[in-house]
Amino acid sequence: MSQPATRSYWLVKSEPDAFSWDEQVASDIEPWTGVRNHQAKKNLATMKMGDLAFFYHSNKGREIVGVVEIVREGYPDPTAESGSWVCVDVKAVGPMPRPVTLAEIKADPALADFGLVRQSRLSVVPVSAGHWDHLCRAAGWKG
DNA sequence: GCCAACGTTGGC
DNA sequence: GCCAACGTTGGC
Numbered sequence: 001m002s003q004p005a006t007r008s009y010w011l012v013k014s015e016p017d018a019f020s021w022d023e024q025v026a027s028d029i030e031p032w033t034g035v036r037n038h039q040a041k042k043n044l045a046t047m048k049m050g051d052l053a054f055f056y057h058s059n060k061g062r063e064i065v066g067v068v069e070i071v072r073e074g075y076p077d078p079t080a081e082s083g084s085w086v087c088v089d090v091k092a093v094g095p096m097p098r099p100v101t102l103a104e105i106k107a108d109p110a111l112a113d114f115g116l117v118r119q120s121r122l123s124v125v126p127v128s129a130g131h132w133d134h135l136c137r138a139a140g141w142k143g
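The first sequence finishes on residue 143 if you use UniProt numbering, and the numbering steps up by one all the way, no holes.
For the record, the hints were derived by calculation from the structure and aren't laboratory data.
No false leads were slipped in.
Label-pair ranges, simulated between beta-carbon atoms: (1) Thr46 x Glu23: 22 to 28 angstroms; (2) Gly140 x Ser82: 38 to 44 angstroms; (3) Ser82 x Ala129: 30 to 36 angstroms; (4) Glu23 x Ala45: 21 to 27 angstroms; (5) Arg137 x Arg62: 15 to 21 angstroms; (6) Ser84 x Ala107: 38 to 44 angstroms; (7) Ser82 x Asp22: 27 to 33 angstroms; (8) Glu73 x Ser27: 15 to 21 angstroms; (9) Ala80 x Gly130: 32 to 38 angstroms.
Straight-line alpha carbon distances no greater than 25 angstroms define the calculated PhoX-like cross-link-like pairs of lysine-lysine that follow: (10) Lys106 x Lys60; (11) Lys91 x Lys42; (12) Lys41 x Lys91; (13) Lys48 x Lys91; (14) Lys142 x Lys91; (15) Lys60 x Lys91; (16) Lys41 x Lys60; (17) Lys142 x Lys106; (18) Lys48 x Lys142.
As the structure is a computational prediction, the values presented were derived from the model and not from experiment.
Even for Gly, the Cβ is constructed at its ideal location relative to N, Cα and C.
Turn these sequences into a full structure, and let the hints guide you.
Here is the structure:
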């Protein structure tokens, strides 16, 4: 299977009490709505079809639990009255064989400048190809 | 439950 | 345009 050379990688956060990985798997394709931060919005708007994202459980769990694929690029978030916020559609690709916890990420010098650590409140974070590969290896993920 | 980081609001 | 007050996120 060929991959676009320009594929980008991301991490999206969700509180499992609000929307969990299990719910993502159950519905397969889900609109990623509710982002109300301008930097996160910019990241959503930058996503392209075929980009991959880590699915991270914030607050409870605090670990990367799965991988999703962007299957629809940025469009107006229907949950925003103003119409000026953006969402994308994401599809469940698979669960991490071994979820990677925030504690592990913080303890790993190779991930010292990972956006998840550097900007802890940002809910949509770009991931470099190097960090992506590193985290996939740590998770036992064979993409 | 507390607190740090950070975004937003509103007075001036 | 500055800045203090306040609200939210999210880790601990």
